[in-house]
Amino acid sequence: MVNDFDLTGRVCVVTGAGRGIGRGMAEGLARHGATVVLSGRTRATLEEAAAAIGEKAIVVTADVSKEADVLALRDAVLEQCGKIDVLVNNAGVNAIFKGIERTSLREWQDIIDVNLTGVFLCCKHIGGAIGEGGSIINVSSVAGHGGLPRSTPYCASKGGVEMFTKALALDWAKRNVRVNTLAPGWVDTDLTHGLLEHDVHGKRLLDRTPLGRFAKPLDMAGGVVFLASHASAFMTGQSLVIDGGWGAE
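So for the sequence shown, the numbering used here puts the first residue at 157; every next one is plus one.
Just so you know, the hints here were simulated from the structure itself, not pulled from any lab data.
Any given hint could turn out to be false.
[To be verified] 27 Å max Cα-Cα, derived DSSO-like pairs, lysine-lysine:
| # | residue 1 | residue 2 |
| --- | --- | --- |
| 1 | Lys359 | Lys239 |
| 2 | Lys330 | Lys254 |
| 3 | Lys239 | Lys222 |
| 4 | Lys212 | Lys322 |
| 5 | Lys212 | Lys280 |
| 6 | Lys322 | Lys280 |
Full structure from sequences and hints, please.
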């Protein structure tokens, strides 16, 4: 029987892979047979993640907001692996939770540079090297589907990722390269743990989540495996929302 979720022989590049959602996704892809290229800015966390995954993991450092880094990442993957089949654009920075009146241009630009421009650069240079039948998964957020208070730069960046993905899916359908987003809800990671544990804000977010818990990074692994694999071969330009029911209300 054919296993449509089998990724054996596939080369998957995951940005922001050193911890949190990116690491969970990389582990899921490797468990299904893929060779995973772990990329991010901090080598130490990438090496730690690679050690946990084992021989299927390769580490290449890069800052996705810098075009030279993205080009070097692409070239390193092609040199070491010979091809690229899947790109997971996960690298991102969190919301700063400030009203727009107190948000500086620099703070706006820092979020846009990584969350949106980084997706553009990686799709252009790394996605452009993906062969027929490949897949690009841009990690968005529930904030790309609805507004969050005091989060205008973050919501703008994730909403931009959603529409960028739809447009690119139309352009690259003729190449048979699929482009989709995966939109997580509230995931308990090092970056969000303080907020989610807060007596007031954390409780409010938990009460709003019908499944009654926050996601763990590995809760995103099944979704990224689906989007990377033949199981989603007729899916492009769509958003897979994994939010514990957050958006159902």
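Hint by hint, here is what the structure shows:
{"no.": "1", "hint": "Lys359 - Lys239", "verdict": "violated (45 Å)"}
{"no.": "2", "hint": "Lys330 - Lys254", "verdict": "violated (42 Å)"}
{"no.": "3", "hint": "Lys239 - Lys222", "verdict": "holds (22 Å)"}
{"no.": "4", "hint": "Lys212 - Lys322", "verdict": "violated (31 Å)"}
{"no.": "5", "hint": "Lys212 - Lys280", "verdict": "holds (25 Å)"}
{"no.": "6", "hint": "Lys322 - Lys280", "verdict": "holds (15 Å)"}
Consistency note: the structure conflicts with the earlier hints numbered 1, 2, 4.
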